[in-house]
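Visitor: For the record, the sequence lines run as chains A and B.
Following my numbering, the numbering of the first sequence begins with 26 at its first residue and continues without gaps.
Following my numbering, the numbering of the second sequence begins with 26 at its first residue and continues without gaps.
Everything labelled a hint here was simulated from the structure, so no lab data went into it.
This structure is a prediction, so every number in the text was calculated from the model and none was measured.
Pairs count within a copy or across copies, as identical chains cannot be separated in the list.
Listed next, the in silico DSS-like pairs over lysine-lysine satisfying Cα-Cα at most 27 Å (straight line):
#, residue 1, residue 2
1, K262, K212
2, K241, K262
3, K262, K245
There are 2 protein chains.
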Amino acid sequence: MKPSLAAVLAVATVPFAALHAATAQTSSASALTLMPVPAHLTTGAGAFSWTPSVTIGVTHFRNQRLDDAIQRSLLRLERATGVPRQRTVTTTAASSLVIDVDGPGDAIQSIDEDESYTLSVSASGIKLHAATVVGAMRGLTTLEQLVQASGNGFILPAVDIQDTPRFRWRGLMIDTGRHFEPVEVIKRNLDAMAAVKLNVFHWHLSEDQGFRIESKIYPKLTGMGSDGLFYTQEQAKEIVAYAAERGIRVIPEFDMPGHTKAWLVGYPELSSDPGPYSIRREFGVDDDAMDPTKESTYKFIDAFLGEMATIFPDPYLHLGGDETPGTQWKKNAHVTAYMKAHNFKNTEELQTYFSQRVLELAKKHGKHLVGWDEILTPNLPTDAIIQSWRGVKSLSVAATRGYQGILSAPYYLDGMKSAEDNYLADPIPADTTLTPAQQKFVLGGEVCMWGEQLNELSIDSRIWPRAAAVAERFWSSADQRNVDDMYRRLSVESLRIEADAHTTHLTHEGAALRELAGTEDIDALRTFSSILQPVSFGERYHFQHTSQITSLDLLVDAVRPDPPSRHNSILLVADLLKSPKGNSAARAQLTRTFQSWIDAAPIVSAQMDQSPLLAQARPRLTAFASLGHIGLDALTYLNGKKAPAGWKQKALADLEAARKPEMMLRFTVIDALHNLVDAVQ
Amino acid sequence: MKPSLAAVLAVATVPFAALHAATAQTSSASALTLMPVPAHLTTGAGAFSWTPSVTIGVTHFRNQRLDDAIQRSLLRLERATGVPRQRTVTTTAASSLVIDVDGPGDAIQSIDEDESYTLSVSASGIKLHAATVVGAMRGLTTLEQLVQASGNGFILPAVDIQDTPRFRWRGLMIDTGRHFEPVEVIKRNLDAMAAVKLNVFHWHLSEDQGFRIESKIYPKLTGMGSDGLFYTQEQAKEIVAYAAERGIRVIPEFDMPGHTKAWLVGYPELSSDPGPYSIRREFGVDDDAMDPTKESTYKFIDAFLGEMATIFPDPYLHLGGDETPGTQWKKNAHVTAYMKAHNFKNTEELQTYFSQRVLELAKKHGKHLVGWDEILTPNLPTDAIIQSWRGVKSLSVAATRGYQGILSAPYYLDGMKSAEDNYLADPIPADTTLTPAQQKFVLGGEVCMWGEQLNELSIDSRIWPRAAAVAERFWSSADQRNVDDMYRRLSVESLRIEADAHTTHLTHEGAALRELAGTEDIDALRTFSSILQPVSFGERYHFQHTSQITSLDLLVDAVRPDPPSRHNSILLVADLLKSPKGNSAARAQLTRTFQSWIDAAPIVSAQMDQSPLLAQARPRLTAFASLGHIGLDALTYLNGKKAPAGWKQKALADLEAARKPEMMLRFTVIDALHNLVDAVQ
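Next up, chain A with everything else stripped away, as it sits in the complex:
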């Protein structure tokens, strides 16, 4: 009754996901799953065994922040390995894990914080050295990533690492204005950031659609401008402290003078028109803005920034400055009179005047300014930092003029580009025209998660794991550009982030599919969704003009950007095409996959009959089965059977038709199928 297991045929329903799972069984560098890759790494012989008898010594500097970071790392390792952690940390250098830190680092983590560390693992022990506690945290993260299963236990392969980040500013921006995100969403994303050594949380706190932080001197900001969805000052301080414990700076953004509709609801006097105003539900650029001609506006901002300075200790403050069309200003007699009196030729000059006034106020409260491209006007003081949503070119212009800059344009996650695209975009591209001295002005970059088309359920799946690929771009050397290896490591890091930070980027899809289908039986639906991804922000906005109050509960909200199927299908087809008739493993896997699409289609169709929301994706379902048939046919013709006349041409045409998004959904496997069909003679 107990057959040999090996004799039984193996099947996998979604084989694409499995293709490049790490084996993690050897200590060769290629099997390591570090992300970001360290600056310098050499592998040695042997390995250190991670057992309950590992002792920990902190031999030099020690404080609560370091102790907490060590305990967090040990706790995660305990969970991953089941090996009980050592709770007692001594000061003895004879420990098996020695952590040697020179000092605390900056009292308030600065842009110049030393994040470098060295980590050396041999069979006899582990030594971590860092100049600062933040550096030690970075090293601990690497240490965690080194742990691998080996036989019945866990090891760290012998390595010598000297690591330091390429860029000092490695950020993630989360827009909490358009859709509010609860405190726990922010916290788990901070944990995920720390896991890949990101060090700036840029917190977009105000928008036309919502003002999200409590002001005690201006209570109507949230009282009338937030729908009750905002962070109390206590919560904001808690988040700042949570970030600081993980070596992450928090830069709050109060976008002005545009994108301020939510401020005006409670304080219409900030505007040049009397109002009344209401929270803007639609997205896009609003006509209304703060009135830069009134002294009372600056008095308000002054007091507000003073209050915010008590919550946010970082010396940088983001004041937006983007997308102010000046429409309201042009229509207003006292504003145009003011412009004339001050010789402002256009509203851009009026905004420059506003920016300079606000910059002075920020300075008064001890803050430097960060702003979007638009603030880069002739008289901008050079201590301001330009964040570029326009692109590398705009950043280069800033650098040549002596402004520090951070790049965001290629890292807009709502563009729904692949991790590959995000990864390959470099803040200082190989063809940069900047001199080495000018390049120093490029501080780094920020991944941006704008909030129009997401909610607290889907946000993690939009950020992770793609942000981890960009985190490597910001940390590792410029020549790290092997996309296949990046995806190999990303698939592991994605799981680590889920396990350690408890982000929902992998669980969300299943929950959303169950809700759509009204049943736990979503295997077929998951097969369908596994080769679908959402269209870009712009494409969706064009198709479905969502506002802040649109329910986001369609299949497009369930599926993930750049799921494993895209890259894995390309690799698998390439593998097959190395010997189209011979590679039986790739052939078998592709055959099962294509057949699983064909098999899943009628089940999903029946579920669509029961669910009007799911049924909206029906146009994609017919193509789904059709793609499976194209794939099976191609495999047949590649195996020797001659394709009928016209088959290839029609198949390629069908693939191109299927490539076009429908119902805001795009197939992930068209490129792979194209390669397959194109190889048919």
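Knowing the structure of chain A, use the given hints to seat chain B on it.
Guide: The following block gives chain B in isolation, referenced to the frame of chain A:
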């Protein structure tokens, strides 16, 4: 290239899950998925269409609590249907949804709160009437459960409902002492409770393993007794308010005089020995306890209860009283002298004295007492409520003596019994010896989630959906005992709870499996885990003596108690056995299922090679494939082919062998397979 979908063979990898998904397409009562079932329901003709033009009128009493409840219901409906919700609520009776409430109900929701409501749905409109806001909330929950897909839209079938709960006390206890649960875990469980009309959250806040609520007058309670894991007073108040908004009372429990080790760490003077004490990591009953002979103990409790009374407004307070062995008392000279002086024959009498003193203190702060069975001693005042962990009998004894009681013994979720077992246990069984007058003393019951073998990741999967079945037991009439129909509705309610309360009871398994396997490709592993369930608390404790600091990261922590496979496999086999040769649908489904086990086994085996934690479950894997072969063979022999001599006997013996748990895992399909094999001639 586009084949007819209908012509394609349908497959499902985990067909058990799908078997009883609701079709929800008709308005007949049998297709309704209400849980708990209302007291009185009649179906009518036609249906009300849920469209964007639905208007809402609150015609009589209205307050913020009601408005918030209405908006929460509308938001959930919007998400489920995609139909934009009406945000403006008027007072006009001409609205399509009329909500008519007589008054606010109790200022502080009491045990006598009127929760009844009537709900009438016709093609032309919906009318909800309730005496109180809480009653209206119960009706709104029913209204939400009535909404069904129909064609391209959504309807509510015509019904007339008069509903009122059978029991007044319908609770869920969560032990946050042994493992701390973050605020968001509590909140989402409160949302889930409200979805199934539970009305008491019993919050177990102190244990030997942790003191979990901030005391400002005794800061060392959490300062030294919580590992930093506790609720601030502000958070506790927030949770009380959150519960109240959902019609849920909060009963805090401060277990004493035993189970108090965590108190003694900071305040050893509460005990009869000087200490020092440390937080107990082991579970089980501790020797140490508060000293009932010292006046200072009562002074401490007095001040403490006074402080807690400012946080918890409910007139009931749970003071535990269970499992105090008196070991420490017996060893202590001044305690034994005191017992002698007061004529206490044994430590039970000393505990009775303690209980009476504490009861007076509670009374002083306006509180009645709830306690476990042990407090039921001769002189207990009759306003105390007995919560029975011992069983119905103990509750009957209390009732005959004039004490109110609540039943918990059959609803211990860590017993890992089936929803069926939990469901069929009645606080007043059919064979009760209580008179109707005595039966009135049985207030209801509480589902208990003890915290030894769970953490914040797995807790939801231990509570839900089983607690929903018990919620029906507490609310619906005693004659609701159709298990098949209960499971049909439970499968729908489970998804509703996931979608509406965002509990992780369905997502946890996948996340835990990914972590164990180290890959996203967990289809095979999920096939394996879908027919496994955790053993009971006692069985696990015997096998693996976990303490508070054991990492809970094995397969037993991933799998769910009573997953759909158990009941569905029994139904499916019964379906087949109606005509063993003829029922090709059941036969095909069973064949696919058994084959999927055989196919999954080698994939899981390969994953075990890579994961020491997963590999611990290997003993179950061999049986897994073997069960598949037994099933396939049985299908063959049922179909006419004669079974070899001895096959049946051996197969049954193998099944019984597989029935025994190994590695803390139990197969869910043994009964179904037994039925199948037993039918072979």
